Amino acid sequence: MSINVIRFEKVTKAYPGHPQPALDQVSVDIDKGEFVFLVGSSGSGKSTFLRLVTREYRPTSGRVYVAGKEINRLANWKVPRLRREIGAVFQDFRLLPNKTVTENVAFALQVIGRSRADIKTLVPETLELVGLDGKGDRMPDELSGGEQQRVAVARAFVNRPQILIADEPTGNLDPTTSVGIMKLLDRINRTGTTVLMATHDAGIVDQMRKRVIELEHGRAVRDQAQGVYGSQA
Amino acid sequence: MQLRYVFSELGQGLRRNLSMHLAVVLTLFVSLTLVGMGVLLNQQANKAADHWGNQLQITVWLCKADDSNAACTGEVTDAQRDAVIAVVEENPEVSGHHLESREEAFEKVKELVGAERFEGPNPAATAEDMPESIWIELEDPDEYKGITSAVTGLDGVSGIRDMRQTLKPIYGSINALQWGALATAGFLVIAALLLVGNTIRLAAFARRKEIGIMRLVGASTLYIALPFLLEALVTALVGVTLAAGALGGFMYFGIHERAGDALKFMPWIGMEEYGVAVLCVALLGPLLTILPTLVLTRKYLKV
Ligand SMILES: Nc1ncnc2c1ncn2[C@@H]1O[C@H](COP(=O)(O)OP(=O)(O)OP(=O)(O)O)[C@@H](O)[C@H]1O
Ligand SMILES: [Mg+2]
Numbered sequence: 001m002s003i004n005v006i007r008f009e010k011v012t013k014a015y016p017g018h019p020q021p022a023l024d025q026v027s028v029d030i031d032k033g034e035f036v037f038l039v040g041s042s043g044s045g046k047s048t049f050l051r052l053v054t055r056e057y058r059p060t061s062g063r064v065y066v067a068g069k070e071i072n073r074l075a076n077w078k079v080p081r082l083r084r085e086i087g088a089v090f091q092d093f094r095l096l097p098n099k100t101v102t103e104n105v106a107f108a109l110q111v112i113g114r115s116r117a118d119i120k121t122l123v124p125e126t127l128e129l130v131g132l133d134g135k136g137d138r139m140p141d142e143l144s145g146g147e148q149q150r151v152a153v154a155r156a157f158v159n160r161p162q163i164l165i166a167d168e169p170t171g172n173l174d175p176t177t178s179v180g181i182m183k184l185l186d187r188i189n190r191t192g193t194t195v196l197m198a199t200h201d202a203g204i205v206d207q208m209r210k211r212v213i214e215l216e217h218g219r220a221v222r223d224q225a226q227g228v229y230g231s232q233a
Numbered sequence: 234m235q236l237r238y239v240f241s242e243l244g245q246g247l248r249r250n251l252s253m254h255l256a257v258v259l260t261l262f263v264s265l266t267l268v269g270m271g272v273l274l275n276q277q278a279n280k281a282a283d284h285w286g287n288q289l290q291i292t293v294w295l296c297k298a299d300d301s302n303a304a305c306t307g308e309v310t311d312a313q314r315d316a317v318i319a320v321v322e323e324n325p326e327v328s329g330h331h332l333e334s335r336e337e338a339f340e341k342v343k344e345l346v347g348a349e350r351f352e353g354p355n356p357a358a359t360a361e362d363m364p365e366s367i368w369i370e371l372e373d374p375d376e377y378k379g380i381t382s383a384v385t386g387l388d389g390v391s392g393i394r395d396m397r398q399t400l401k402p403i404y405g406s407i408n409a410l411q412w413g414a415l416a417t418a419g420f421l422v423i424a425a426l427l428l429v430g431n432t433i434r435l436a437a438f439a440r441r442k443e444i445g446i447m448r449l450v451g452a453s454t455l456y457i458a459l460p461f462l463l464e465a466l467v468t469a470l471v472g473v474t475l476a477a478g479a480l481g482g483f484m485y486f487g488i489h490e491r492a493g494d495a496l497k498f499m500p501w502i503g504m505e506e507y508g509v510a511v512l513c514v515a516l517l518g519p520l521l522t523i524l525p526t527l528v529l530t531r532k533y534l535k536v
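In order, the protein sequences belong to chains H and L.
Residue 126 in the working numbering sits at position 126 of the first sequence, with consecutive numbering throughout.
Convert by adding 233 to the 1-based position in the second sequence; the result is the number in the working numbering.
The following block holds chain L by itself, in its conformation from the complex (with noise of 0.2 Å):
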């Protein structure tokens, strides 16, 4: 096939219809972007939820020699530990339960927070100063207000966490982003639909005679189709082009150096997640493009 003709058309084309292309680079590059956006929070949502999944527990905290807690008469005496963990242990809710001492919650407060500032003459806290504390996982995530009301109120219980209150607003956050992006993805993917349609009906028209004429001497269809395809795939590849470019601005300035400082004890997506993400895009915007003027080329250059 003699391609020269297909490509001098292209060129021509792109230019003939800039604005137009323009508009289409523009939607595109946006809705790929929010696209995008979506696929990373929903994976960093996914990595939370693996990372903490079973650690969704609730910790009850017992009574410390100087509790702050008023209802704590004085440290936990070893009557009252074997009451709570009777308790614990009867409910149906609980499907295991281990007992921190406060040695290992200290070990772990270090780790959290830098061993450094818990060594010298002069440390900010003693294992000491750390409670002991009953971890319990639950049989059902959703099934806790049975075990909380059980234990809340017993003798040296100081107090309880549930660590679902903690991340249910963080969760809460990246649900409703993720889905805000892809819901206004979705309306400017219907913009970018339209504006291809639009483009292809002014090309084609611009083209009619030289269209008419191909038809007429028994040009073959994709011949005739081939420098519609061409500008589809070019105006794709130049909004997917844009759009890596803008997620990978979101992941370096959003994350790796604002989030990811800031939010340790959460587990950050990172390249690979990208890379899932610019995947997505690389096939949902040349998909966006060509899949119209397959549609409408079949429309206007009909045989």
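Only chain H is shown next, with the shape it has when bound in the complex (with noise of 0.2 Å):
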């Protein structure tokens, strides 16, 4: 029906219990290997939209198209399918701490079945991708922040997935360090990755110039190409 790798048609998504709307008749096409900021203010429901994206809520009302799968209507047991299409970064890291970054990463390879083989040449590969080849024996907690982050980024990656999906993922590092991290994002963008970013750091949108969707209160105020960070600019 279109190449759209996410396609949004007038989604409205409430939380029972909550009269307002997170999300409310939100039209939104993301093309193949686009990268894409998702801003606003916090409560806007910008996690909202990422996790429709990655079907762990359904849409109240309207349609979440995903990898050319209509959430709506994908069965339970085809959602782990689904997901391994999306790598997806957050905030807090989400590592396993008592593994090593070489064994978190391939963590995500093993739990969906791939080979030994495969993961014996995807993890090394993944790690020097990231900047982390040397690294593969320590542990979370003997890492900074942002090569905390890189493995986090890694470990989204591994699986070469169409999407990739990150909350704020430099909500907790400071500017020198973010912009590592928006390199990486960058360099994964630029192997064919759609990259949908949602974040608070005016700085690095101004900076990327890339496309940038606005919403307010659940609305999408804003869809702007090269975009920047606030409305006025």
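No lab work stands behind these hints, which were simulated from the structure alone.
All of these numbers come straight from a predicted model, not from anything done at the bench.
One should not assume that every hint holds.
[As the list claims (entries may be wrong)] Straight line, CA to CA, 27 Å or less: simulated DSS-like cross-link-like pairs of lysine-lysine:
{"#": "1", "chain 1": "L", "residue 1": "Lys442", "chain 2": "H", "residue 2": "Lys135"}
{"#": "2", "chain 1": "H", "residue 1": "Lys135", "chain 2": "H", "residue 2": "Lys183"}
{"#": "3", "chain 1": "L", "residue 1": "Lys280", "chain 2": "L", "residue 2": "Lys341"}
{"#": "4", "chain 1": "L", "residue 1": "Lys442", "chain 2": "H", "residue 2": "Lys78"}
{"#": "5", "chain 1": "H", "residue 1": "Lys78", "chain 2": "L", "residue 2": "Lys535"}
{"#": "6", "chain 1": "H", "residue 1": "Lys69", "chain 2": "H", "residue 2": "Lys120"}
{"#": "7", "chain 1": "H", "residue 1": "Lys120", "chain 2": "H", "residue 2": "Lys99"}
{"#": "8", "chain 1": "H", "residue 1": "Lys10", "chain 2": "H", "residue 2": "Lys78"}
{"#": "9", "chain 1": "L", "residue 1": "Lys401", "chain 2": "L", "residue 2": "Lys280"}
{"#": "10", "chain 1": "H", "residue 1": "Lys69", "chain 2": "L", "residue 2": "Lys535"}
{"#": "11", "chain 1": "L", "residue 1": "Lys532", "chain 2": "H", "residue 2": "Lys78"}
{"#": "12", "chain 1": "H", "residue 1": "Lys135", "chain 2": "H", "residue 2": "Lys120"}
{"#": "13", "chain 1": "L", "residue 1": "Lys297", "chain 2": "L", "residue 2": "Lys378"}
{"#": "14", "chain 1": "H", "residue 1": "Lys183", "chain 2": "H", "residue 2": "Lys32"}
{"#": "15", "chain 1": "L", "residue 1": "Lys532", "chain 2": "H", "residue 2": "Lys69"}
{"#": "16", "chain 1": "L", "residue 1": "Lys442", "chain 2": "H", "residue 2": "Lys120"}
{"#": "17", "chain 1": "L", "residue 1": "Lys401", "chain 2": "L", "residue 2": "Lys343"}
{"#": "18", "chain 1": "L", "residue 1": "Lys535", "chain 2": "H", "residue 2": "Lys99"}
{"#": "19", "chain 1": "L", "residue 1": "Lys378", "chain 2": "L", "residue 2": "Lys401"}
{"#": "20", "chain 1": "L", "residue 1": "Lys297", "chain 2": "L", "residue 2": "Lys341"}
{"#": "21", "chain 1": "L", "residue 1": "Lys442", "chain 2": "H", "residue 2": "Lys99"}
{"#": "22", "chain 1": "H", "residue 1": "Lys120", "chain 2": "H", "residue 2": "Lys10"}
{"#": "23", "chain 1": "L", "residue 1": "Lys341", "chain 2": "L", "residue 2": "Lys401"}
Quick one: dock chain against chain with the hints and give me the complex.
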């Protein structure tokens, strides 16, 4: 039907017990290979948007298409397959503290049944891509925040997903470290991966000059190519 | 599928929650043993009922020469015997009867007690010491009062024996034990289910980070649930093994060694019935752990 990797058609998401919907009639098309920032004040619905993409939630009304599949109609047992097409990175890294860097990244492949041979080549390759070669045997608490986030990016990308979503990935990092992470996401985007990133970080958005979608009280109020963080720019 | 992770998780899971798993195993062990006992007792009752079923007869002893019953004036006469038989034949509760001679009675006693004691110069008893008797089969085993009172007090009747009066307490005890065992097992089964539920909740909580990441990267629900299911299976197998052992012990020491020797007139359960009980336990055990695991993993590990 379309080559959109992500397509929202008049999507509304209301959480049970909350009269005000977290997303309100949002329509958005994102093509393959795009880099998109999702901005907006706290509570505007950015994380909700991302959770609809990963099918953590279903929309209350409207349609969500991800990687060619309609999320509303996707049977529960097919959800894991969809998630293998999506890598996800969060503000709090979410690494397993009792596993080494290599084990953390390999874990993502192991649990979806990839062969040992695949794991042996993909994991070091990806660690090198994110700039962590030589640190594979470290434990997460032996790494800086920026390095931990690189591990998280490696884990999200190791299965070469079509889409990478990032929910405030630089939220816990200082500006210099953040720039490094953004360079990494840009590099991943250049491999053809669609990147969708929710952020509060105006400096980064203004610097990168990518497409910006702004949410306000759950509505998409701005969709701008090569945009900036603030609406008045 | 790569199962290395699953098995290392299984080992870790069992160790991490050892006290909880022990609680599950012990509860399971006791409840399964009681269920097995219930099944054994049920089979014992059936076996006895089968064996005696149509033997639940009423026996009318006729007077013998020097009868201990004062109502007897001497050995039953032909006229008296015919009169008693006539009464029996007339009675609607009776489906059949036959007369047992002294010799037949003597043979039966010899068979029951052993022939040696009745041979040689000084036998414990002779055929002459045995009474004649009429063995009455009933239309309906529960309708026996009419015939009993009709025969009681007739001339030439020394006594009446109703087999049921003898067996009733035995049946009663077996029944009571059976239901007692099953009812207690019922409570323990509930306890076992709750414990299994708690164990899974704890395990899911301890592994919530891993589970979150597995869902995130697209591990299948079965793969995520597999360590839980294997844990459930292992605890069930240990519980079943212990219960089968305990039941085996009961069969050997309780029935084979003791009751079987002392109470020969009862037909006792054996290997076959033990097999049935173990089969019941072996089916119930895994069901008790895997069913709640399936339900709860669906709840806790929702995609
Ligand atoms: N699980 C939930 N249950 C109920 N309400 C929720 C839930 N998650 C979010 N909300 C509500 O939905 C609205 C949008 O939340 P969302 O997390 O999408 O905002 P956000 O843009 O990501 O905010 P932030 O920048 O602070 O992360 C908020 O009003 C929030 O309170
Ligand atoms: Mg958010």
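Flag every earlier hint the structure violates by its number, smallest first. Violated hints: 6 and 22; rest satisfied.
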